[in-house]
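Order-wise, the sequence lines are chains A and B. Position 98 of the first sequence, counted from 1, bears residue number 98 in our numbering, the numbering being contiguous throughout. Position 86 of the second sequence, counted from 1, bears residue number 86 in our numbering, the numbering being contiguous throughout.
Take these hints with a grain of salt, some might be off.
Unchecked claim - Facing chain B, according to a computed beta carbon distance under 8 angstroms, are these residues of chain A, among others:
hint, residue
1, Thr-5
2, Tyr-18
3, Arg-21
4, Ser-29
5, Ala-40
6, Leu-58
7, Pro-62
8, Leu-65
9, Ala-66
10, Ala-67
11, Ala-84
12, Arg-96
13, Gly-99
As the list claims (entries may be wrong) - Stretch-level coverage of chain B by chain A, calculated; a stretch enters the list once three of its residues show a Cβ under 8 angstroms from a Cβ in chain A:
hint, segment
14, 40-49
15, 173-186
Everything labelled a hint here was simulated from the structure, so no lab data went into it. Predicted model only: the values in this text are computed from it and were never measured. Every residue gets a Cβ at the ideal spot worked out from N, C-alpha and C, and that includes glycine.
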Amino acid sequence: MIDRTVLGTIAAAAAVTYALRAGGLLLASRLPRRGPVRRAMEALPGAILASLVAPSALKSGPAGLAAVTLTAWLTLRTRNVFVAMAAGMAVVVVARRFGG
Amino acid sequence: MSALGWRTGFRANLPVAASVAAYGSVLGVLAAQKGLGWADVLLMDLMVFAGSSQFVMVDMWASPLPTAAMAAAVGVINARYVLITATLRPLFEGRRILEKLFFVHFVADENWAVTMAARRQGGADLGHLWGGGVCLLGAWCLGTVAGVGFGAAVPDPEAWGLDFAFTAVFTALAVSLWRGSRRDGLPWLAAVAVACLGERLLPGTWYVLAGGLAGAVTAACLPGEEEEGAGE
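Starting from the given sequences, assemble the full structure and let the hints guide the process.
If you want it as structure tokens, here you go:
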């Protein structure tokens, strides 16, 4: 029921994606475990998250920045990711409905 | 790897999985408009399992199928996974190669971030990552297949702030990963600056890769404390 060219196309996209996922993990195990590389690897998760957040917050304008700030503050205060996420989304929804 | 870890990881990803499913239904509708059936979409979900790149694939879907161009576009969008899975080295420490090759397929942005934050707060094993991955993959498959069959669950996800759900989750988890301004101040500043600039200049999600690398390189240049005098 699945066409051969469709299967081939999906398989090609899947192979590229899988190679990227597996490649990162396998390459990382060959990196040195101390010194500057270690400091870089330890800072990497936070740096990736900051890089995911900042541009999309900026694109959402003042409401986006306000929502990100509220989410961050609530995470610190409540340690509840769900509450913080819901509050941030509420700010964005209200701004989109009633803002310009 | 524990069953408890798996369940904890699964549950921790449920809030964001709701948004994942809603976006899945939108993708399902777009796919149906391009003539894809539910089996095509399900196969794509299971094999590619990378949301934004699947939106681009469906968008490019045409007859004859531009297989090579599509694979290239998917590569550009998913390039960030090289860095994301690289950070998982400690989680996979001591695992056999076949285990690495199997479980790495279940790494998405969301469950990666949830597991990294849980690790920082006291521990999460490979099961946590896997449980989260199964949760997200399940929500993604349900959402997309339902979208093909019944239309979008939420026709306009942006109106409900569902696009912001991802940004919000990443924000909350970034706060959990913050190690204080002395260690993270400059690296994060570099990451934010380069990512915002890169978002305007680079294709796909290369800005994530550029920002992450900028942060990591900055951290490498800062003086270390723990391992001084260790012959470096």
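Note to self: Next item in the hint list is Ala-40 (chain A). Is there a CB on chain B closer than 8 angstroms to its CB?
What the structure shows: Because about 4 angstroms separates Ala-40 (chain A) from the closest Cβ in chain B, which is inside the 8 angstroms limit, the hint holds.
Note to self: Quick check on the hint: Pro-62 (chain A) CB to chain B CB, less than 8 angstroms?
What the structure shows: 14 angstroms, violated
Next item on the list: Would you check whether Ala-84 (chain A) satisfies its interface hint, that is, whether its CB is within less than 8 angstroms of any CB in chain B?
Entry: This hint holds: Ala-84 (chain A) lies near chain B, its Cβ roughly 5 angstroms from the closest one there, short of 8 angstroms.
Item checked: Closest C-beta approach of Ala-66 (chain A) to chain B relative to 8 angstroms, hint status -> Violated - the Cβ of Ala-66 (chain A) stays beyond 8 angstroms from chain B, reaching only about 11 angstroms at its closest.
Item checked: Per-residue hint verdict: Arg-21 (chain A), partner chain B, C-beta under 8 angstroms -> 5 angstroms, holds
Next item on the list: Under 8 angstroms, Cβ to Cβ, is where Arg-96 (chain A) needs to be relative to chain B, so tell me if that hint holds or is violated.
Entry: With Cβ-Cβ at 7 angstroms, under 8 angstroms, it holds.
Next item on the list: With a C-beta cutoff of 8 angstroms, work out whether three or more residues of the segment 173-186 of chain B approach chain A closely enough for the coverage to hold.
Entry: Result for this restraint: holds, n = 9.
Checklist line | Interface hint outcome for Ala-67 (chain A) [beta carbon to chain B under 8 angstroms] | finding: This interface hint holds because 6 angstroms falls under the 8 angstroms limit.
Checklist line | Per-residue hint verdict: Tyr-18 (chain A), partner chain B, C-beta under 8 angstroms | finding: 6 angstroms, holds
Check: Counting residues of the segment 40-49 of chain B with a beta carbon closer than 8 angstroms to any beta carbon of chain A, are there 3 or more?
Finding: Coverage by chain A holds here, the residue count being 6 at a Cβ distance below 8 angstroms.
Note to self: Less than 8 angstroms between beta-carbons is the criterion; does Leu-65 (chain A) satisfy it with respect to chain B?
What the structure shows: 11 angstroms, violated
Next item on the list: Using Cβ atoms only, decide whether Gly-99 (chain A) comes closer than 8 angstroms to chain B, and label the hint accordingly.
Entry: With a minimum Cβ separation of about 12 angstroms from chain B (threshold 8 angstroms), the hint on Gly-99 (chain A) is violated.
Violated hints, listed in ascending order, are 7, 8, 9 and 13; each of the other numbered hints is respected by the structure.
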